[in-house]
Amino acid sequence: MTLNTNLKNILLVVFTTLLLSACSTAKKSGDIDGDVYTGKETVEYLATGVPDRVFFATNKSSLTTASRATLRKQATFLRKNKNLNVTIEGHADERGTREYNLALGERRANAARDYLMTYGISGKRISVISYGKEKPVNPKSSPLAWSQNRRSVTVKVN
Amino acid sequence: MRKVFFFIFINFIIFSKLNALIEVDITRGNLDPLPIAVSPLHVDIKSEEQKDIKVRDLGINISKIIENNFRRTGLFNPLKKEAFVQKPDIAHLKPRFEDWRLIKAQALVTGKILVKDEKLKVEFRLWDLTAAQEMTALAFTTTPSNWRRVAHIISDKIYERLTGEEGYFDTRIIYVAESGPKNQRVKKLAIMDQDGFNTKYLTLGNELVLTPRFNPTNQMVTYMSYFRNMPRVYLLDIETGTQEVVGNFPGMTFAPRFSPDGKKIIMSFAKDGNSDIYTMDLESRVVERITEHSSIDTSPSFSPDGKFIAFNSDRSGLQQIYVMRSDGSGVKRITFGKGIYGTPVWSPRGDLIAFTKMHKGKFYIGVMRIDGTGERLLTENYYQEAPSWSPNGRVLVFYRETKAGEKGEGFTAKLWSIDITGYNERKLSTKTDASDPSWSSLLSK
Chain A
1 MTLNTNLKNI
11 LLVVFTTLLL
21 SACSTAKKSG
31 DIDGDVYTGK
41 ETVEYLATGV
51 PDRVFFATNK
61 SSLTTASRAT
71 LRKQATFLRK
81 NKNLNVTIEG
91 HADERGTREY
101 NLALGERRAN
111 AARDYLMTYG
121 ISGKRISVIS
131 YGKEKPVNPK
141 SSPLAWSQNR
151 RSVTVKVN
Chain B
1001 MRKVFFFIFI
1011 NFIIFSKLNA
1021 LIEVDITRGN
1031 LDPLPIAVSP
1041 LHVDIKSEEQ
1051 KDIKVRDLGI
1061 NISKIIENNF
1071 RRTGLFNPLK
1081 KEAFVQKPDI
1091 AHLKPRFEDW
1101 RLIKAQALVT
1111 GKILVKDEKL
1121 KVEFRLWDLT
1131 AAQEMTALAF
1141 TTTPSNWRRV
1151 AHIISDKIYE
1161 RLTGEEGYFD
1171 TRIIYVAESG
1181 PKNQRVKKLA
1191 IMDQDGFNTK
1201 YLTLGNELVL
1211 TPRFNPTNQM
1221 VTYMSYFRNM
1231 PRVYLLDIET
1241 GTQEVVGNFP
1251 GMTFAPRFSP
1261 DGKKIIMSFA
1271 KDGNSDIYTM
1281 DLESRVVERI
1291 TEHSSIDTSP
1301 SFSPDGKFIA
1311 FNSDRSGLQQ
1321 IYVMRSDGSG
1331 VKRITFGKGI
1341 YGTPVWSPRG
1351 DLIAFTKMHK
1361 GKFYIGVMRI
1371 DGTGERLLTE
1381 NYYQEAPSWS
1391 PNGRVLVFYR
1401 ETKAGEKGEG
1411 FTAKLWSIDI
1421 TGYNERKLST
1431 KTDASDPSWS
1441 SLLSK
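Respectively, the protein sequence lines represent chains A and B. Under the numbering used here, think of the first position of the first sequence as 1, with each following residue one higher. Under the numbering used here, think of the first position of the second sequence as 1001, with each following residue one higher.
Simulated from the structure, these hints should not be mistaken for lab results. Source: prediction; values computed, not measured. Don't take every hint at face value.
Stated by the list, open to error - Listed next, the in silico DMTMM-like pairs over lysine to aspartate or glutamate satisfying Cα-Cα at most 25 Å (straight line):
| # | chain 1 | residue 1 | chain 2 | residue 2 |
| --- | --- | --- | --- | --- |
| 1 | B | Lys1407 | A | Glu41 |
| 2 | B | Lys1271 | A | Asp31 |
| 3 | A | Lys40 | B | Glu1082 |
| 4 | A | Lys156 | B | Glu1082 |
| 5 | B | Lys1403 | A | Glu41 |
| 6 | A | Lys124 | B | Glu1082 |
| 7 | B | Lys1414 | B | Glu1207 |
| 8 | B | Lys1094 | B | Glu1082 |
| 9 | B | Lys1407 | A | Asp114 |
| 10 | A | Lys135 | B | Glu1082 |
| 11 | B | Lys1188 | A | Asp33 |
| 12 | A | Lys60 | B | Asp1272 |
| 13 | A | Lys82 | B | Glu1082 |
| 14 | A | Lys124 | B | Asp1272 |
| 15 | B | Lys1407 | A | Asp33 |
| 16 | B | Lys1362 | A | Glu134 |
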């Protein structure tokens, strides 16, 4: 790749970031911030005060501030329950191609796993599985449903 | 599944190319389909009754299958049988051309069959009514239970004669049959003839299965299964029903296809949040890593000569299509249009790549040249993806999903086909909801 196209890509990225941040401030409403779900409607709990899932923006696997807070609670919970192992299920919404979504779900599950590991949880205790777009929690075709489906869910295995 | 052995003995009786006046141009959307009369095949009175087959109706039934095949191409207009003026046996010997021209037919198909000694003998002729001569004639023998395939083979021969291109009727489509509510879908591997008949299920629906693809000889299928909740690529022998995991990967493998020689499976392997493309040689079991990048690299597709691989990657930020040499060198991005691009599939002719494009909340199926130029979007919809080529490279089959309401109601998944001209979009008939279609090559080649 030439320097020129590299520069162009960097400019594109900067431009897209600007656009996205413009969108996210504009779209902050109800239970969606940007397009990350912030509500509690579909959330279950590993224990009192320990939500089982975190949500992602479209095509993204980066953790939001709220997601990191949730995962720190999960890490605390897992430190207290040393014999407990978990599987992190990664999911995507229905607005992508099936195969890419399988990879995206795996990437999201690993983002959550990596964060738990930085908080001292052994990787041996955390397996991951991606379901891509195959297991929506909300079957509706709407931006809200898609935001609830873009998730990684921590599930106890024993 | 039962063994499908199929012997055909083709003897060319006559093959005349002299002064044929009719031909069908398939390179553009055909607004003026060729009027063709398909006479019921004459059933020889010496035919013997068969268990499970109505021999007396075979002639009319075969002609109807041929008509339906032709109608679905959009290139032909099969005429109503009520207007036919000659008995099948007489017409097959020598049609009265002027009578058939009266009903505006330009081509006529006639034939006869004989079922005797557990054999089905078929012969058919294609007549050019304008030039008043026979265009082609063929005879072959098979087992009576193959009678539907007889109709497809005849369709292929006529299509070839009239368009100058290989047909695609004696083919099958493997797909994922879907049932149940949207958030608890039951998925099974299913296989059917391209006209929607002879549906058979290859898995029971106990585990999630996705993305089946045929090998070049149509005897093997590679697909992804969540058997024991371990998402892995599998290999299935359709004739014996034996299945095995492909390779020994410590994580999810997905998006499998065969290499054009059938010797390798190419697929993605996901580990620690990173998906790369690998191949495995089915004989030596040697695994090769083809891409090595921190992005998602998936949906690989070999060029028909096996020298190149198209795939999609989000290394630029969002999904785009890339082409590389089959050893992974020379990676080059080919899509620069607006939107996100995925599922590249190299055409059997090698000149085009079909793809899915996502832009402004719409999904498109399109084709482009292998360097990414000449993009043509064939169809726009709420959700559709995963094109697969007909073996002659003229038609794409893909799946389309509809919007769902509050409880998932209104959700359907169906197979559709469209000509690469952008014309002739059609829903395929499937017994259940369906997705992830893969078109076989010609079965009797």
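task: Return the numbers of the hints above that this structure violates; sort them in rising order.
output: 2, 3, 4, 6, 9, 10, 11, 13
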